[in-house]
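Visitor: Given chain A's structure and the hints, the job is docking chain B onto it.
Protein chains in written order, with the working numbering: chain A, 1 to 236; chain B, 237 to 465.
Incorrect hints may have been included.
Claimed, not checked - Here are the computed distance ranges between Cβ atoms for each label pair:
id, chain 1, residue 1, chain 2, residue 2, range
1, A, Ile-12, B, Ile-458, 13 to 23 Å
2, A, Ser-194, B, Glu-420, 46 to 56 Å
3, B, Lys-391, A, Leu-121, 29 to 39 Å
4, A, Val-16, B, Glu-420, 33 to 43 Å
5, B, Phe-312, A, Pro-196, 48 to 58 Å
6, A, Phe-166, B, Gly-436, 30 to 40 Å
7, B, Ile-463, A, Lys-172, 23 to 33 Å
8, A, Ile-12, B, Lys-305, 25 to 35 Å
9, B, Leu-428, A, Leu-199, 15 to 25 Å
10, A, Leu-203, B, Ala-256, 43 to 53 Å
11, A, Asp-230, B, Phe-253, 47 to 57 Å
12, B, Gly-280, A, Arg-34, 42 to 52 Å
If you're looking for bench data, these hints aren't it; they were derived computationally from the structure. This structure is a prediction, so every number in the text was calculated from the model and none was measured. Backbone N, C-alpha and C define an ideal beta-carbon position, used for all residues, glycine too.
Take a look at the letters that make up each chain.
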Amino acid sequence: MHLHIPDGVLPIWLWVTGFIVLAIFLIPVLLKIRKQLNVVPRAAMTIALILVIMSIPLGLPIHLNLLALAGILVGPWWSLVVAFLTNLVLALLGHGGFTVIGLNTLNLWIQALAGFFLFNLFARLIPKSLCDRDPGLKGLGTKKSGVSAGLAAFIGLALSFLFTVFLIVISKVGPGEFLHLHEGVEEVGHLEMSLPTFLKISLPFISLGIIVESFVTAFIVQFIKKVKPDLLTFRK
Amino acid sequence: MSSIYLVDYYSTSVKSFFHATTPIAKIVFLFTVLFSIIICQSLGWLVAILFLLFFLAFLAKLPVFRIFKWALLPVFFSLFFALSQIGFGKLPYITIFRAYDSAVLLLFVAATTPYNSLFSVFGKISPFLSNLIFIAYRFLFLIADEAETKFKMLKIRGGYSGGLAQTLKNISFMLGKIFIHSFEKGEQIYKLLLARGYKGIVVSRADDKFRINDFILVFIAIFIFLITQ
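Just chain A, same shape as in the assembly (with noise of 0.2 Å):
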């Protein structure tokens, strides 16, 4: 779970700064995968997929990203390619800024990118003690990969919320500052916002969605591991 951030918040050069960054990595990560013609259908369904999933209710208006997973699943660099189509597709269907499709494509590589590298580094790290007990398992280790893509999706989401609030502090301090508004009788920053007010409303919703993605992404991870471990062992 991630916030998305919607049109009209952030000050037009901190978006156009978005934009910029990603098409900094875009445009390399293209001209590096254009070639991998037989990754295209792994990818466009992780698209399609993410977009499903994220039009799941769970009873709130928030919703599962499962961007952790799509690292996993496609790699570093594919999963930028991911984030930024799913987000322009979101965008289109109203669900956050259009604008703001930069920074939120960022936010979302950030939890893709923990999830890669994360995953595959507490693969090796965790010991084998953590493998399942079940002796028909034995050595697959499921429960150890589920726990890798468990705590890796969580720092990856922990990341992406530390993101956010990188950008409304940046927001802050920027050249869009000072833009009055004309009706108002005192001048205010034109993004002026409290930082505390601001995590006190979103952090439990946060801590929530947190949680239960990091959970639903561990459970996947284990299925996977035990149906078709291949799927697992993506390059880079």
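Guide: Just chain B, lined up with the frame of chain A:
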């Protein structure tokens, strides 16, 4: 999921003045009005743009109440930001209306433009990305149908009745199954595409010729931009 289905249905099945405009005109309309909304600092004008967009949706034979309802999701996200702006005059309301106006605008454009036309415009920038999103969008509805059936099956078999932790595990395993099945299906489609000479591009063309209704749409966009500044 129903919103994606219905937006797709309205864009392809409904016929109106706005559906007949070219995708290029709609993209110009989208960017001009979106920019007007983002730089508009007057609450009154933001409310006026909202009413104008609903009026255009009504003229385009779209269900205005459904669009009103679907566009509420970004309002929820904008609330996080707006509530932390309390004490800064009208700023919280401006933040909410900017998010809501933009969502209604994007839904209006998506519901009046068939997805292949929309992605073909995108293909002028990057054919590779356009191709990828084209394939993803085609499978979106198949996967959604499969997911719906599988979750119904899970419910019938008591998958939601074993406590919170077990339910979460059951749902996750079902999602894992959908992932595996979709990837297998993707592999099959890839082999079929290769057999048909696929080299990374699926060609899709849209009508680019400007007609009178395209000029009217662009004029509306420029009018909105000028009156709100």
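Visitor: Indicate, hint by hint, whether the structure satisfies it.
Guide: Taking the hints in turn, this is what the structure says about them:
{"no.": "1", "hint": "A:Ile-12 x B:Ile-458: 13 to 23 Å", "in the structure": "holds, 20 Å"}
{"no.": "2", "hint": "A:Ser-194 x B:Glu-420: 46 to 56 Å", "in the structure": "holds, 50 Å"}
{"no.": "3", "hint": "B:Lys-391 x A:Leu-121: 29 to 39 Å", "in the structure": "holds, 37 Å"}
{"no.": "4", "hint": "A:Val-16 x B:Glu-420: 33 to 43 Å", "in the structure": "holds, 42 Å"}
{"no.": "5", "hint": "B:Phe-312 x A:Pro-196: 48 to 58 Å", "in the structure": "violated, 21 Å"}
{"no.": "6", "hint": "A:Phe-166 x B:Gly-436: 30 to 40 Å", "in the structure": "holds, 37 Å"}
{"no.": "7", "hint": "B:Ile-463 x A:Lys-172: 23 to 33 Å", "in the structure": "holds, 30 Å"}
{"no.": "8", "hint": "A:Ile-12 x B:Lys-305: 25 to 35 Å", "in the structure": "holds, 30 Å"}
{"no.": "9", "hint": "B:Leu-428 x A:Leu-199: 15 to 25 Å", "in the structure": "violated, 50 Å"}
{"no.": "10", "hint": "A:Leu-203 x B:Ala-256: 43 to 53 Å", "in the structure": "holds, 48 Å"}
{"no.": "11", "hint": "A:Asp-230 x B:Phe-253: 47 to 57 Å", "in the structure": "holds, 52 Å"}
{"no.": "12", "hint": "B:Gly-280 x A:Arg-34: 42 to 52 Å", "in the structure": "holds, 48 Å"}
Hint check: violations occur at hints 5 and 9; the rest are consistent with the structure.
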